[in-house]
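Residue numbering for the sequence shown follows our numbering, starting at 126 and increasing by one per position.
The hints are simulated quantities; they were obtained by calculation from the structure and are not laboratory data.
Accuracy of the hints is not assured; some may be wrong.
The calculated label-pair distances, taken between Cβ atoms and stated as ranges, are [as the list claims (entries may be wrong)]:
no. : residue 1 : residue 2 : range
1   : S167      : T205      : 15 to 21 Å
2   : K146      : Q182      : 34 to 40 Å
3   : K146      : G184      : 22 to 28 Å
4   : D170      : E228      : 33 to 39 Å
5   : L147      : P181      : 26 to 32 Å
6   : E190      : E148      : 26 to 32 Å
7   : D198      : K146      : 31 to 37 Å
8   : S201      : K146      : 28 to 34 Å
9   : T194      : P152      : 25 to 31 Å
10  : A155      : P181      : 26 to 32 Å
11  : A155      : D219      : 19 to 25 Å
12  : G159      : S201      : 17 to 23 Å
With a Cα cut of at most 20 Å, we get these calculated SDA-like pairs of lysine to any residue [what the hints assert, rightly or not]:
no. : residue 1 : residue 2
13  : K191      : A168
14  : K191      : A173
15  : K146      : A156
All C-beta atoms in this analysis are idealised placements derived from N, C-alpha and C, irrespective of residue type, glycine included.
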Amino acid sequence: MGVHVDALALFQGNSEPQSFKLEDLAPEPAALLGRFRTWVKSAFDGPAGLFSVLDPQQGGFICREKFVTGLRDKASNYFTDEELQELFNCIDFDDGGSVTPDE
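Given these sequences and hints, build the entire structure.
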């Protein structure tokens, strides 16, 4: 994902944080995910709609290639291929090379 965090700055606050926000740890990927979330809600009425478009045979998963090629035409005005690759990296939580509806 290429995330770089300044650990010293992160932990030098006066109070100890109980949790971290993605926006604090990785602002650029967080902004990209925010844009994607908004676009998916607008274009597909949410993640379930996106998943059904990219997985019409209902196989239960979407591989990286299907994700990027499936969104390339639909999202070309909003996201570059590089951003689609990065988005896939962000949502493939288990790094298994595919995403499921649970991810």
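Status of the hints after comparison with the structure:
1. S167 - T205: 15 to 21 Å: holds, 18 Å
2. K146 - Q182: 34 to 40 Å: At roughly 37 Å between Cβ atoms, Q182 and K146 fall inside 34 to 40 Å, so the hint holds.
3. K146 - G184: 22 to 28 Å: Given about 34 Å between the Cβ atoms, the range is violated.
4. D170 - E228: 33 to 39 Å: Given a distance of about 19 Å, which is not inside 33 to 39 Å, the answer is violated.
5. L147 - P181: 26 to 32 Å: holds, 31 Å
6. E190 - E148: 26 to 32 Å: At roughly 30 Å between Cβ atoms, E148 and E190 fall inside 26 to 32 Å, so the hint holds.
7. D198 - K146: 31 to 37 Å: holds, 33 Å
8. S201 - K146: 28 to 34 Å: holds, 30 Å
9. T194 - P152: 25 to 31 Å: With a Cβ separation near 28 Å, T194 and P152 satisfy 25 to 31 Å, so the hint holds.
10. A155 - P181: 26 to 32 Å: Holds: the Cβ-Cβ distance is about 30 Å, inside 26 to 32 Å.
11. A155 - D219: 19 to 25 Å: holds, 20 Å
12. G159 - S201: 17 to 23 Å: Roughly 19 Å apart at Cβ, these two residues keep to the hinted range, so it holds.
13. K191 - A168: Distance ~18 Å between K191 and A168 Cα, so the pair holds.
14. K191 - A173: holds, 16 Å
15. K146 - A156: Holds: K146 and A156 sit about 12 Å apart, inside 20 Å.
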